[in-house]
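> Using the sequences and the hints, build the whole thing.
Here is what each chain is made of, one letter per residue.
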Amino acid sequence: MGCSFLLAWVAAFAGASLGDDCLILKDGRILTQLAVEKDGADYRVRFQNGDIKVPAAMVLDAVLVAAAPVEPKNDEERKALEKGLVKFDGRWMPSKERDSLLQRKVAEKKKQIEQLKSHQLWRNRLRSTSAHFDFEYTVPPHVFQRYRDLLEGYFTEFSKQWKLNVPKEKLKVCFYHDEETYYETSGAQRGAIAYYRFVRPLELNVYYDRLDARGTETTLFHEANHYLSALINPGFLYPHFPGESLAEYYGASSFDAATKKLEFGLLQEGRLAEIQSDIASGRLGDGDSGPTTAGASKPGELMGLEALVSTDRMYEHYTWGWSLCHFLMSDKRYKPKFQAFIVGLAFDREVKRDVTLGDNNRSVSGGEVWLQFKRSLGLKDAKAVAALEKEWHAHVQKSIQTTSARGLQLAAESADHSGRPIRARRLYKEAIEAGCRDANAYHAYARLLVRDDRLGEAITIWKQALEFDPLQARLYWHLGRTMAKKGDGTEGKRLMALAREMDPEDPEIDFELDLDALIKKSTSSDTEKTPGEK
Amino acid sequence: MAPAVRAFAHEDKRLGFKIDAPSGWNELPLAPDEKWIVGRFKCSKLDIYVDREWGGEHYAEMTIIAFPAEETSRKGPKVTKDGDSIKIDLSSPYKNYKEYFNKTYTGGGHFVDAEKEAKVGPVAATQLSIKVEKLTSNGPRRVTTWVYHLPDLDIAVQFETLENAFEKRENEILSALKSFKTIAKAAANPAEKAPADAAVSYEDLKKLTPEERKVRRQAMADATAKQLSAKLPNGWSAQPMGRFFVLSHVDQSYAQKVVEQGDAILAWLDKNLEYFGKGEFVRRPVLRIFKDQEEFRSYRGGLWWGGSNLEIVTYKDNDGWLTWSTDQFNTSVLNHWLRERDYDLALAFPSWLRTGLDGVFEKVKLKGGQLDFPSDPWERVGLAENVRAGKALKPREIMTTPGAQIGWANNRQHEATALVRYFIAGAGSRDTKMKTIFKNYLSALKATVLEISKESAGKEDAAPKKPKTEEEEEAAFKARASGWKEKEKRVLDSTVKRAFGSWKDADWDYLDNAYFSTIKNN
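Those protein sequences? They're chains A and B, same order as listed.
Numbering-wise, the first sequence is residues 1 to 534 according to my numbering.
Numbering-wise, the second sequence is residues 1001 to 1522 according to my numbering.
Since the hints were derived computationally from the structure, they do not count as laboratory data.
Fair warning: this is a prediction, and the values are worked out from it, not measured in the lab.
Some hints here could point you the wrong way.
Straight line, CA to CA, 25 Å or less: simulated SDA-like cross-link-like pairs of lysine to any residue [claimed, not checked]: (1) B:K1134 to A:S281; (2) B:K1466 to A:H417; (3) B:K1206 to B:N1440; (4) A:K163 to A:G235; (5) B:K1466 to A:I422; (6) A:K110 to B:E1115; (7) B:K1478 to A:P421; (8) A:K109 to A:G235; (9) B:K1465 to A:S281; (10) A:K172 to B:M1241; (11) A:K111 to B:A1114; (12) B:K1257 to B:M1241; (13) B:K1391 to B:K1504; (14) B:K1489 to B:D1507; (15) B:K1098 to A:E114; (16) B:K1465 to A:E114.
Structure (C-alpha cells):
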C-alpha cells in the first residue's frame, strides 16, 4: 500500500469531524476528517452512528494519523517491543522517532491532498500534452491517465481505418472532475453532457462521472469522433446524418488499459433500448419526428430508411441512425460500400457540398446525403431501397439483443424513465443475474421494489448495493427508511442518521427531508423529527 | 468648465444601503416578479469585441442582488396557511451569491479567477473576479463582484464587461464598488407590493357573474398599474393612453403611435369577433415601451411577455416602425384580448388556428385610420412554392393538420395564415356563403372542448387501473404515448364535423376554389 500520487476529488464528507485520517479511493474520491482503523487488510471508518467497513480493493491510499498497534509475530519482534521499539516503514525504531516520521509523512500527504484539491478549481487546472491532444483537466491524475491513453489509442486506430493525415494543431480537451464544474465552466446547456466545438478554437469538453465510468468513455468516444471525422477531409464537416450516427457507432468502442487495444463496433445498448421503446410505443409516424421529416414512417411502423438518411436533423439519428451504421458495418457485403459512402461525401465530385458552416466549412444537405447513400450502396430503385430497409429492420429486431449486464441495466433505466416499472423490475433483476455490480442499478431496483410494496426484497438489494459502494450515503438513507417502514425503527433511524452524517449535502436526502417536513407542516400531526432534519 | 457629471446614487432604504452607479449609466426597470435583484444599471457606451471569425457588441451592466439571511438560511419548501388553503413555495432559495450566479448566469462558461476577503469601510466584503470564456455570446467577459456582508443579509454588486473593455472600465467600476455604505433602514413602500387581488385565481373568477367579474378585474387592472408605476426608474413616465396604461421610456409621439396601433387592433377585434367571449370585460393592459432593443433585452432576458399577466412589452426599434418589434406587439395585443374574452377557448386553439391568427396579426397596420391585413413576402413565396409543387393543402386539410406537421420547412404555417386571413379579413369575410364560417368553427371548437373536458372529468375521479402484467403495462405505455395525439386528432376532426356537418362536396369545392383564388392573386 502507499502510492506515489494522490487523487484530487474531495467528497463532501465534511460531517462530524471525528478524526484526522484520510482515505483516497480508486474511483477518485478523497475522504478527509475521518477516524479510520485497519481491519485486517481492509479499513473501518468510524462514524457517530456506526462503523463502515471499506474493502482494501476500493482504496488507493490511506493516511492514518494514529499509528496502528503492532502485534509481534515472533520472538525477535517481541523482544524489540519489550525494549520500547516500534516497527514503522519496515524498520524498528524508538516510538518518538516513529511519531516524528509519521507526523512528517502525514503533513506531506495532507499538503499534497490540499494541492490536488486546489486543482479542482478551474483556475488551478492541470495541463498536459500528448502526441495528438492538449489537455486541461481537474480530474485526479490517475483517472486522467486512463482517458488520455484511451484518446491516443482511439486516434491511432481511427487514423489507420480512415487514413487520416496528422493535423498540425492538437485538439484541446477540457476534462472536468464532476458534472457541476463541467456545466459551469464549459457553458454547455443542461442536458448536453459533452460537446465538441467545431469552429476555432477547436475544443472538446467532457466530465468524469464517478458513478458511470463506462458512460464517460462512450461519451468521449462519441465527441472525439466528430473531431476525427473532420480530419477525413479538413474543411468538410459531416451533416447530422451520418455524423451523429457514426459518432454513436464509435461511441460503443471499448479500450483495454493494459494492452492499450481498442475494439470498435460494439452494441450501444442504451440506444437499442430507446429503439425498442419506440417500437413498443408506436410513436414513429404522423410526423412525430418533426415537420422536416421527408417520407416519415406511418404510425406503428419502424423508422424508414429514406426518412432517416435524408432528413437534415432528427433525434433518431442517435438511435436508429446508430443501428443503421451498426448493421452496415457488421455486414461484409455492406461495410466497404458504407465506408465508401462516408468518404465519398467528403471527396466525390458528384456530391454538392453547398451547405456552409462556421469557419467556412462545407457540408451537404439531407437530400444530397440520400443521393450519395443510394449511389454508394448500389440502390438503383425503390425495390432495392425497400430490400435494404427490410434487412436493416430485421437486424434491429432480431440480430441485436441486449444480453450484457450493462445493457440490461440501461434497458431497465429506459423502462423506468418511460413509466414501465414492471418491465424495469424484470430487467434490473436480469442485469443483476448477469453480473451487474453497479450500486446505482441496485439502488434503482430497490426503489422500484418499494413502490411495489416488496420491502423485504428491497432491503436485501440495498444491502447488496452497499457491498459494492459502502460509502454512498443515499443507500444508507433509503435502506434505513425502508427498514423503519418494515418495523425495525431503531436500526432504520440509525442508518438514516448515519447517511446524513456521511454526507450532510446529499441533494437526494435533502429532498426527502424537505418532503417529510412538508407533510408534517401541512398535516400538523407528527412532531417527531426525521433523522437528519434540522 | 462644465461641472463633472455626478454618479447616480442608488439608495435602498428598505435594505439599508446606498451605492453610486458609474456616471452616465442608466437605471433599468425591474420586472415586477423579481425576487432577488434590487437594482440594475447599464452603461450608455457600447463596447465591441472583434475576433478573426466574428464580433459582438456589449453594454456593461451593474446588477445589485440581495440575499436576506431569512431566505438563504431556509431549507426546504415554505408552507403557509391562508384560510382554508395551503400555499407551498417549492422554489429553492439561493444560499449565496456564487450559487445564484452559477444557476442564473447564461452568458457562457465561467469560473472564479480570483477571490479575496477585504473591507469596504467597516463592512466586510468578498471580492470576486469571474472569467467567462467558453461559449460566450458576444465575446469573452469579465464579471467583477463584491459581496458585502451585513448583519442580516448579503448584498452582491456585480459588474459585467467585455474582457477587452475591462481595463478601460476598471476605474469607474472600482470607484462604484468602493462607494458602498450602510444607511438607516425605513419601512417598505406599500405601493411596491403586489396587489392582494393579484393572487385571485382564474377558477375563482369563473364562479362570479359577468358583471361581478368585470368589477373584480377592473380593480385588478388598476392595482397592477399602480404597482408597476411605483418602481419606475428616472426618465420613465406612467399614464393612461387610449386603452392602455403606458409605462414609457420613449418620446410621446412614438408612444402615441404604438397606442393607436394597439387601440385599432382591440377595436377591430371587439367589432369583428364580438361573438368570441361575448360580454366579457377586457382589462386595460399595462404597456411598457423600452427606449431600444438593448434595454428591452435587459428586462426579463428579452422575453416577449412581462412579469405580470397584464403587461405587454415592446421597444422603439432603430430600424423603424413595422418591424419585428411591431409584429410581436400586435400578437401580444391579440392574445391579450383573446385570453380576456375566453381564456379556456384561447388555450384550446389547435395549432393551425393559433399559428394562423398570429401570422395574420403580426403584419397588420393602420392605413387611413383602418386596420389593413397585408400578407408577408415570405408567405407569398411559401404558398407559391407549395402550389407549384402540388403540395398545397386544401382548407379542410389545413383545419385537420396536427400541430407537429405545421412548420417552417413545409410552409404549412403560411397556409394556416392565409386561410385565417381569408376567413376573417379577406374575401371570405365578404362572401355571404363563407362569412359565418369562422364563427361557426369557434363555436364548434368550444362545444368539442367542453364535451371532451366533461368526459375527462368523469374519468379523473375514477382511480386509474394499475397494470398487473408487463403486457398490460406495454399496452398502457402505448396508449399514453399516442394518447395526446389521438386527443388532438379528435379535437380537429370533431370540430370540423360539427362546424361543417351539413356541408356537401360542392360546398367544399366552393371554399377550395375561393381560397386558392385568393392565394394565387396575393
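> Against this structure, judge whether each hint is valid.
Hints, one by one, checked against the model:
Simply put, B:K1134 and A:S281 have alpha-carbon atoms about 39 Å apart, too far for the 25 Å limit, and the pair is violated. Simply put, B:K1466 and A:H417 have alpha-carbon atoms about 17 Å apart, close enough for the 25 Å limit, and the pair holds. At most 25 Å may separate the alpha-carbon atoms for a hinted pair to count; B:K1206 and B:N1440 meet this at roughly 24 Å. Taking the CA atoms of A:K163 and A:G235, the gap is near 16 Å; set against the 25 Å cutoff, the hint holds.
Proposed proximity of B:K1466 and A:I422 is supported: the alpha carbons are some 11 Å apart, at most 25 Å. For the hint pairing A:K110 with B:E1115, the CA-to-CA distance comes to about 23 Å; that is within 25 Å, so the pair holds. Between the alpha carbons of B:K1478 and A:P421 the distance comes to roughly 14 Å, so the proposed pair stays at or under 25 Å and holds. For the suggested pair A:K109 and A:G235, the alpha carbons sit about 49 Å apart, so the restraint of at most 25 Å is broken.
Taking the CA atoms of B:K1465 and A:S281, the gap is near 19 Å; set against the 25 Å cutoff, the hint holds. Pair hint A:K172 plus B:M1241 does not hold up; C-alpha atoms about 58 Å apart against a cutoff of 25 Å. A hinted pair counts as satisfied when its Cα atoms are at most 25 Å apart, and A:K111 with B:A1114 qualifies at roughly 21 Å. Using a Cα cut-off of 25 Å, the hinted pair B:K1257 and B:M1241 holds, with the two alpha carbons roughly 11 Å apart.
Note on B:K1391 and B:K1504: the hinted pairing holds, with a Cα-Cα distance of about 24 Å set against a maximum of 25 Å. Taking the CA atoms of B:K1489 and B:D1507, the gap is about 23 Å. The hint holds against a cut of 25 Å. Between B:K1098 and A:E114, the direct Cα distance comes to roughly 22 Å. Compliance with the 25 Å bound is thereby established for this hinted pair. Taken as a hint, the B:K1465 and A:E114 pair is broken in the structure, with Cα atoms around 57 Å apart against an allowance of 25 Å.
The structure fails to meet hints 1, 8, 10, 16 from the earlier list, while all remaining hints are met.
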